[in-house]
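If you want my numbering, it's the 1-based position in the sequence shown plus 243.
Between beta-carbon pairs, the in silico distance windows are:
1) 325 <-> 286: 47 to 53 Å
2) 290 <-> 411: 40 to 46 Å
3) 362 <-> 339: 28 to 34 Å
4) 401 <-> 295: 30 to 36 Å
5) 319 <-> 386: 16 to 22 Å
6) 274 <-> 331: 35 to 41 Å
If you are wondering where the hints come from, they were derived from the structure by calculation, not from laboratory data.
Even for Gly, the Cβ is constructed at its ideal location relative to N, Cα and C.
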Amino acid sequence: MPRTVDLDARRAEIADALLRLVENRGLAAATMRETAAAAGVSLGAVQRCFATREEMVLFALNRINERFRARVLAAVSPGDGPREAARTLVVEMLPFSDPGRADARVALAFLGVAAGDPQVAAALRAGDRGAREFFAGHLAGFGHPPVAATRLLALVDGLRAPLLLGFLAPADALAAIDAHLDELF
Numbered sequence: 244m245p246r247t248v249d250l251d252a253r254r255a256e257i258a259d260a261l262l263r264l265v266e267n268r269g270l271a272a273a274t275m276r277e278t279a280a281a282a283g284v285s286l287g288a289v290q291r292c293f294a295t296r297e298e299m300v301l302f303a304l305n306r307i308n309e310r311f312r313a314r315v316l317a318a319v320s321p322g323d324g325p326r327e328a329a330r331t332l333v334v335e336m337l338p339f340s341d342p343g344r345a346d347a348r349v350a351l352a353f354l355g356v357a358a359g360d361p362q363v364a365a366a367l368r369a370g371d372r373g374a375r376e377f378f379a380g381h382l383a384g385f386g387h388p389p390v391a392a393t394r395l396l397a398l399v400d401g402l403r404a405p406l407l408l409g410f411l412a413p414a415d416a417l418a419a420i421d422a423h424l425d426e427l428f
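Could you build all of it, start to finish, from the sequences and the hints given here?
Here is the structure:
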């Protein structure tokens, strides 16, 4: 009797393996063969799920964007005030925790290839646009123009690599975040 495979679950499993490879060894390491080995499946299984490496990479990028968004939004408590909610969101977006560090490593790997890969660049733009719209909506309720969301995300982007690489101490990054939020709220 032939075995049935849940294609969506298999694609997610393969994408998660690709993201682990990217996190630990960079995007160049995420070949179809290496991804298959990391997922514990055959190369043929990967090829049945994804016609090309590019398709697999874009699927994984969209998966991490969704996972990142869910993780960040889950960190906010319903009772948080606007400043506390914004701080929680910003802190969760940065490499202060193990998931934050993993996401930052993957994000930087994808950023490194986006200039030469229009499809990766488009996927990153979509994620950035979603974050910007979310923060603009959150901040608009407190009388802030859309540029406030741009400034807040620029702060996040500016802190991510220095924190990840150890150029900036977490306490200094938190002080910068708090100073910026004090200006907003």
